[in-house]
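Enquirer: So you can see what is in the structure, the chains are spelled out below.
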Amino acid sequence: MQCIYRRGLTRLLVSVLILGSAMARGADFQLPALNSPASTEHHPGKMVWADLVTPDLAAAEKFYGGLFGWTFQPIHAGDINYAVAMLDGRPIGGLVQKAIPAGQHQQSAWLTFLATKDLDAVKKLALSHGAKVLSDVKSYPMRGRQCVLSDPEGAVFALLASSSGDTPDYLAATGDWIWSSLHAKDAGAEAAFYQNLLGYDVFDLPSDDGLEHLILSTDDYARASANDLERGSARRHSHWLNFVRVASAAESAAKAAALGGRVLVEPRVDRHGGMLAVVADPAGAPVGLMEWSDSDTKTEPK
Amino acid sequence: MKALGSRLMASGLGAAATLMLCACAVTGVGVEGSVGYDGGYYEPYGYDYGGWGVGYRVGPGRCCDHRDDHHDHPVGGGRVGHAPAYRPAPAGRSAPSIPGRSRGH
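For the record, the sequence lines run as chains A and B. So for the first sequence, our numbering puts the first residue at 1449; every next one is plus one. So for the second sequence, our numbering puts the first residue at 52; every next one is plus one.
Do not take every clue at face value.
Far from chain B, some chain A residues (derived; all Cβ distances over 12 Å) [as the list claims (entries may be wrong)]:
1) 1485
2) 1486
3) 1506
4) 1509
5) 1519
6) 1534
7) 1566
8) 1575
9) 1698
10) 1699
Per label pair, the in silico range of CB-to-CB distance [as the list claims (entries may be wrong)]:
11) A:1678 x B:96: 14 to 22 Å
12) A:1721 x B:138: 27 to 35 Å
13) A:1696 x B:98: 27 to 35 Å
In case anyone wonders, no lab produced these hints; they're calculated from the structure. No residue lacks a Cβ here, since even glycine has one placed at the ideal position from N, Cα and C.
Work out the full structure, taking the sequences as your base and the hints as a guide.
Expert: What follows is the structure, encoded as structure tokens:
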């Protein structure tokens, strides 16, 4: 009888070890900390990370490496094929390869991560204001806790409660994220949604096109804009768009085209007097290019 | 003997549960989701991601931009003169710009 119990116990322990090992293998995926060493700063509403989903990771690395000088650190864990984009030794974003299911037309895109301190409370608020959960809260030991939502108009975004604090408020270096813009059918309603979640101050700026262009700020810094989508097109889709600081928007746009991308918005002068452009990478993911001379922020906000 | 066997089985189950919990805690998996990474989302295909018209400005201004507090332009399908859905920043405050301090300074 004792022998039977021992055999049963042995089988149980072996099963547990196999299961535990399988879980550990699948979960070797570790996102890097936002800040190393950790920062004590928290900036709710600030764009602190972005993830690109692409069907061809190698092609994306070639494009973004060539365009922005990013380098990449691969993470392979189970079925996950991910690369951390690095700029000057700092992780600034990620590229994840996912196959597009056969027969489906889908658009490669960057996912915008907005900082929050209290993920659960903000997620609850978001749901009560019309958001939907696309990926529920997950913990990554070094990174923190994050979830992916779609806002009331369907724009996809992520919330991140970083366990190493938020990235400090410096002027973005060339090649780093400098700005995010939300393009929505009703920018005012969308601004209200994000204001409820993240406590933005909302400023309505004068515009020449009859559309609403709003600045969302926290800590007395502009964090993002919310903009009415151009009218007149039936193919409007609410989305977030992130901008990388470049030395020359025109040169970078030309380089993007030479690297297999295409220009979606030709270089143009924007509100701050510098140029910006929007390009799509070889898989079609839109990314913005923005010039910003150091003299463009001569005065620090009070 | 039977009692000893039961104790062994109970201990084994306890050890198994502990091991499972440790695996979850170390990897951050299980308590809040399944194994894997969901940080990438494809968007619908065939929509406009450009085509901005003249005067379509989306970037930040320099410190400190003049505000439009009149809400007298036709936005959102004709909300002329209507109070916005959001709470405007206090009157008198100018829109701030992005951080201007360089790293290492």
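Enquirer: Each of the hints needs a verdict: does it hold here or not?
Expert: Structure-based check of each hint:
1. 1485: The claim stands: residue 1485 (chain A) keeps its Cβ more than 12 Å from every Cβ of chain B (closest is about 14 Å).
2. 1486: At about 17 Å from chain B, residue 1486 (chain A) clears the 12 Å cut-off, so the statement holds.
3. 1506: For residue 1506 (chain A), whose nearest Cβ neighbour in chain B is about 16 Å away, the distance exceeds 12 Å, so it holds.
4. 1509: Residue 1509 (chain A) is indeed farther than 12 Å from all Cβ atoms of chain B, at 15 Å.
5. 1519: 18 Å, holds
6. 1534: 15 Å, holds
7. 1566: Holds, since 15 Å exceeds 12 Å.
8. 1575: 16 Å, holds
9. 1698: Given that every Cβ of chain B is farther than 12 Å from that of residue 1698 (chain A), nearest at about 16 Å, it holds.
10. 1699: 18 Å, holds
11. A:1678 x B:96: 14 to 22 Å: Roughly 19 Å apart at Cβ, these two residues keep to the hinted range, so it holds.
12. A:1721 x B:138: 27 to 35 Å: 29 Å, holds
13. A:1696 x B:98: 27 to 35 Å: 29 Å, holds
The structure fails none of the hints (numbered hints given earlier).
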